[in-house]
Amino acid sequence: MIGTALPELSIELTPTVVISTALATRDFTPVHHDTALARAQGSKDIFLNILTTMGLVERYVTDWAGPRAVIRSIDVKLGVPAYAGDRLTFTGTVVAGADDRLTVEVRGRVSLGDHATATVTFTPEES
Amino acid sequence: MRASTAIAGIGATEFSKESGRTELRLAAEAVLAALDDAGLSPGDVDGLVTYTQDANQEIAVARETGIGDLTFFSRVEYGGGAACGTVAHAAMAVATGMAETVVCYRAFNERSGRRFGQPNAGLTGQPTSQGLEMSWHVPYGLMTPAAWVAMFARRYMHVHDATSEDFGRVAVAMRRHAATNPAAWFHGRPITLAEHQESRWIAEPLHLLDCCQESDGAVALVVTSTERARDLRRSPAVITAAAQGAGAGQMMMTSYYRDDMSGLPEMSVVGRRLWETSGLSPADIRTAILYDHFTPFVLTQLEELGFCGRGEAPGFVRDGGIELDGRLPVNPHGGQLGEAYIHGMNGIAEAVRQIRGTAANQLQNVTNVLVTAGTGVPTSGLILSSD
Amino acid sequence: MTDEELHELAGKQVALGEMRGAPAPDPVNVPMIRHWLTAMGDTNPAYLDQGLAPPAMAQVWTMQGAGQNRSPVDDLLAALNGSGYTGVVATNCEQTYHRYARVGELLTPATRLTGLAGPKRTALGVGFFATWNVTWYGDGDEPVAEMMFRVLKFRPREPEPERRPPYPLQPAVNQDTAFFWEGAKQEELRIQCCADCGELRHPPGPMCSRCRSANRSHTVASGAGTLYSYVVHHHPPVPGRATPFVVGVVELPEGVRIVGNVVDCPIGEVEIGMRLKVTYRAMDDRLVLPVWAPEES
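Protein chains in written order, with my numbering: chain A, 1 to 127; chain B, 1001 to 1387; chain C, 2001 to 2297.
The following block holds chain A by itself, in its conformation from the complex:
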């Protein structure tokens, strides 16, 4: 099990993705939906909010682990911004595990580098 690579997930960060996820997480900060304002503040464009990064990491692991897996923790170290127009690609590897708890390391990369480096622990199947 340890060393198993998760299938890659690549998400095109269209403005729709960036904005709809921001609103779905009830984050109305303008830098996540207002391009002109984001640029005026020195950003290249609108960018993903952190709650979405957490949600996408969770989705990436459960896509692979299946609906019976139960997420126990998600630790994310944040890196470069994930801007609209970029592509966010997740890769993952199982790094530790016992019967009831597996640990997966996840990297979410964009063109500028690592957007998120995450450690996710989960229980494969709720007992």
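It is worth saying that the hints were derived from the structure and are not from the lab. Built from N, CA and C at the ideal position, the CB exists for glycine as well. Treat the hints loosely; a few may be bogus.
[To be verified] Listed below are the simulated DSSO-like cross-link pairs for lysine-lysine, each with C-alpha atoms no more than 30 Å apart in a straight line:
| hint | chain 1 | residue 1 | chain 2 | residue 2 |
| --- | --- | --- | --- | --- |
| 1 | A | LYS77 | A | LYS44 |
| 2 | C | LYS2120 | A | LYS44 |
| 3 | A | LYS77 | C | LYS2185 |
[As the list claims (entries may be wrong)] Sample of chain B residues facing chain C (criterion: CB under 7 Å; computed from the structure):
| hint | residue |
| --- | --- |
| 4 | GLY1131 |
| 5 | LEU1132 |
| 6 | GLU1204 |
Please build the complex by placing chains B and C on the supplied structure of chain A, with the hints as guidance.
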């Protein structure tokens, strides 16, 4: 001092666009040629005079030419305006006994080396009085001799209803004279007024052909007492009058703050002095060597020196007044527009030739020749006469 | 606030311990879950099948409008902003889920500041790392999820001033002329004025040539002028300037002349006698030149 001193020898290098030699070598060659012309040896020389912007110190020229002890040396200020001033200083030294034989020289590679017509951002480098003066103009990009003169020329046109063609006729006359002077750079190359009008703008209202050429070369003159000159190889060109002049409110090329910008008050100072000390009048002058770095100031000089009235110079020139057969032939050698730009020194040599009767475009019955130096700056002038 | 004072404040806030915030405005509910799943592209059927919220939604339930939910973190962040550490970037978000929240459950957050570290030099600038914990309590007041959150509050580097190449044609300036160039920077056209006899003079100098006074003052010219003469410079090229350009001698109603560029005017329309008004051009970071434009423009 009147008539007690004379120019006894003249010497020059060839006039070119690239001498291929150092400026010191050019100076030495011209000095030795002038001494040979006079029939003197370097050991006879005890004074040297040049003027600012010459890269060759007097002692260096003395070393190269074998001139020994010097009892007089002087470097006259204000660039081309000092050309005749060198002769004035030499004559004073001879007349006062400071020296017996003084050589005046100018040597430069002004085309292949330092080109005075090019912008030099260093003009305002230091807060000297001149650096500060330039600082009212250079920051606006007003920093070339052509542009400085063009400012006066535009005002002259406005005040006197003059045109670019009036300036052009000066250039055409100078090139016509040069065309028959084998020593001239533009020997055999006259121009038409149409060519003048078609030449590109340098600084409106000045066309390229309103601006004198840039030259490499050197000229030297030997000044001694008239009495001694009479015993030498050549007949003397007697220094009847010599003057320097600066006007009230004078600046270097940019005297824009005086009451009138259509004249050259400093040349008026020189003219008054020349007429007063010589007792002569414009009618006594057979030919004039007028400093012609830019055509408009030739017109102004004719007026300031009294050869015609204010605003009358365009008509004077249009009527052929400055031609070889005119009322006042100007620059029979072709001037700096036609022969070479040696900062006015080649014009003094031409005056001497006209007195001797040895010029390429020799005029008849030459008794008195008036010579001027650089205009727009503190200037100087001479009247040379046959003995 | 000094760095020490920031640490003092942080210490006080840490000592406050956990502070309860307002409960979520809505209980955990299906429409928000469905919306979230759709936006994330998450097709995991477990949540809606079992009436559970995706665990990463923990914070979503209690997202509030600004200022509604005072926490020990707010004062510290405000103090950091006030001390110049205005930049913010989140560095860590670590969530631990005790269980999945259930549909119908009302979550209540509680926040405690756990630390302030710094100042530290970072790639973004000098800053402080502030760390706090949020715990979400569910029905029965038991913790459902916890989060450690860390941000870097940094002092943004001075934006690189837009570097203009130094203008090559600088004036020489000394104590006799500095007032003029200082005036230009303040968009004043200053003309030297003798403090004793009142004589105006340009260009300026150390002595009044009329009364010999060295007491100098200056007057500020009206800025009107008349073109007295001008040139159009074409050749040779001049450093720092695009050709052709116009330089004129301008006569002021105050009675002096001054040289300057004629700008904002087609070259063909420049003529002696035209009425001008002064305007100013910054040539680089230190030199401002008074120049002249047609009066009507």
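Hint check:
no.	hint	in the structure
1	LYS77/A <-> LYS44/A	holds (21 Å)
2	LYS2120/C <-> LYS44/A	holds (26 Å)
3	LYS77/A <-> LYS2185/C	violated (50 Å)
4	GLY1131	holds (4 Å)
5	LEU1132	holds (5 Å)
6	GLU1204	holds (4 Å)
Hint compliance for this structure: hint 3 alone is broken.
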